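Chemist: Each chain is listed here by its residues.
Protein chains: 2
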Amino acid sequence: MEKIIVQKYGGSSVADAERIQRVTKHVIQQKKNGLNPVVVVSAMGDSTDHLIELAKSINPSPSSREMDVLLSTGEQISISLLAMSIEAMGYKAISLTGYQCGIQTDPFFSKAKISDIHPDRILSELDEGKIVIVAGFQGMTENGDITTLGRGGSDTTAVALAVALNATACEIYTDVRGIYTADPRVVKDASQLKDISYDEMLELAKLGAKVMHPRSVELARKNNMKLVVRSSFELEESGTNITEVKQMEKAQVRGVTCDDNIVRLTVPNVPDKPGIAYKLFSMLAAKNIHIDMIIQNLNHDAFNDISFTVPKDELENVNSIIEAFIKEVGASPLLIRKDVAKLSIVGTGITSDANIASGLFGTLYQLGINIEMISTSEIKISCIIDESQSKLAVNEIHSFFELNHVI
Amino acid sequence: MEKIIVQKYGGSSVADAERIQRVTKHVIQQKKNGLNPVVVVSAMGDSTDHLIELAKSINPSPSSREMDVLLSTGEQISISLLAMSIEAMGYKAISLTGYQCGIQTDPFFSKAKISDIHPDRILSELDEGKIVIVAGFQGMTENGDITTLGRGGSDTTAVALAVALNATACEIYTDVRGIYTADPRVVKDASQLKDISYDEMLELAKLGAKVMHPRSVELARKNNMKLVVRSSFELEESGTNITEVKQMEKAQVRGVTCDDNIVRLTVPNVPDKPGIAYKLFSMLAAKNIHIDMIIQNLNHDAFNDISFTVPKDELENVNSIIEAFIKEVGASPLLIRKDVAKLSIVGTGITSDANIASGLFGTLYQLGINIEMISTSEIKISCIIDESQSKLAVNEIHSFFELNHVI
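Residue numbers (the numbering used here), protein chains in the order written: chain A, 131 to 537; chain B, 131 to 537.
Keep in mind that the hints were calculated from the coordinates and are not lab data.
Since no wrong hints were added, every one of them can be taken at face value.
A pair counts as met if it fits within one copy or between any two copies, since identical chains are not told apart.
Derived lysine-lysine pairs resembling DSSO-like cross-links, with alpha carbons at most 30 Å apart:
id: 1; residue 1: Lys417; residue 2: Lys222
id: 2; residue 1: Lys186; residue 2: Lys155
id: 3; residue 1: Lys260; residue 2: Lys243
id: 4; residue 1: Lys241; residue 2: Lys222
id: 5; residue 1: Lys162; residue 2: Lys186
id: 6; residue 1: Lys186; residue 2: Lys260
id: 7; residue 1: Lys318; residue 2: Lys468
Given the structure is predicted, the values throughout are model-derived calculations rather than measurements.
Produce the complete structure using the sequences and hints provided.
Modeler: Here it is in structure tokens:
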């Protein structure tokens, strides 16, 4: 089957009958253009929140298996309505749930990972000229149990299907026009990127640009599947392409992000013995806690201060683990600093261009902003700064790198 | 697996969190009593109506395949909530959709019939000590498509499962206490029956006692599965048993029903030729129209009047067929009488006891009520009378046969 295009519409794009009809027209237009659309949809608007509320009124901590049975109904409702809407316009359509289109997952309810896709049913429906509508966010275990894919689940369904179907592209329709050089709510003259590489997108996604979950971008990169982020409200806009962008000689900053959902932790006076940092971080890793930046300072003879950042919602879990660590090795009490933010610039090759790092640090210096921690990767430079100064910093750095002119 | 009991709870029994918790307690009590409950539930309250409304706002005549995908979510929500509720009380439970518990159907969407049940999954979950919660009203075709079973669907799921699991009984929990000698809204001193035979129940169900759909009663009779109709609001009440009641020597009236959802049709002056009645009724049968009572009177030489009754909602379909028939054979224009009701008495062997028939006709005579048509079967006698007199007649006949004393 040729010219398959996978399109994914989020919950806000199918929130009511009128929006479903708008999606319908767009999908039919693709069909008229000679493409074979496979459409992945999320649950309508905030219907998932209502189901969660209902569940909590019955059981404050419901089992994740039963939550998945419950929540998967949300997408099942959307797919049937979109199929009906397409049929009302005189086109052939068929809705398929996660298991009906062969999406097999591991058995980790509420955060399942796709293990395999058997797209035979989708292909045979496309062969019959139907527009295929697929429930995002869900799959089935080998045992026949319904699973949901957790955060970024519907995007992941779309990318995984695009790969399995050998689609020409995977379009993610959302409530913004594409990927921006900075959060447009923070930086007024942020500009939309026409193209971005998987790696840059991954960094932006991880650093708090919430348009796409890193998980689905990673899957696309691994399989070299072209992603397009577009607006379902402004369908005339062309969006942002996420592809294997050709490497330019000149490194260029592509975006500035700021994540204030972090907390900085410091364990002072840790005895300077081999393996002691390993001990701390393996205790945290055992509880699956994502550690971000780490700095170890030699404080004075035979004692170190170890600082690192974690997401704010992990603080409670982390606290109890560190208490145990401090007790065991005999360090000083934990210091917690919540009012910090992580400011980052992203762009392929930027760490190898000394002018870029010095431009970043110089701008912060001129603003009188203290840099508490620094970390770098091949394509990003991150600084921990005071949260109260983060908006000012993002705007100034955006200007300094002339990101309002980026194409 | 021994001591399996199948219980079915209708939509009003699981309409909100509080009612779900009441059902939970009752189910757990059965488990404590040493039984292995398999619980079939319908969609919550009027949630199905909301889904239908949503569909119609998008497509006035949606395909039945997509309607089934949509409507089956209602039961899926109920089963997960009931399972969570049982888990909240510290018992093990698991919810299973129609296809997960192996309910295979034919491919007639919105009115599918169960073709087979593979209860392996249910049995293995029961073996692990779990209370199994099953979505009523739904199944899956061989092709993997979701179907719904149409009217009486959840009761049918329950009975079919009880048969497949070789359960000790199938309990139908509803919003009335059981089966009554007459509709308690019409006859104030109607009494609840402790036992009733499948045949009597079938007649009552067909004659308009709406507690159970004939379809599920027929399935129970075919497999000799004991049915119990009980109230989910008054759980201390024991309900009505529907079983193969031992035949008594003395015939006894067990119930009086009245169905005013019928219309009487008369085709006057049909030529008296062989095969002409066959022609009319085969034309109607071809359109799957259920004809009830039929009377053919010799009117005058070589011409007959043919009268019969059909459900009121079939009138439109019937009309066009009869017009064609009249045109073809040259009969007089159709006469339609809408203000009639069918009054019936039900009881095994009553037609073989002349006193019962004469008691019925005599009572109607003394009330000055004209009998327009009569039909009998082994266990029922039905009369078509004027609709305006039906309530009076039901009450007087109920008294005449002393049904307020029936046990």
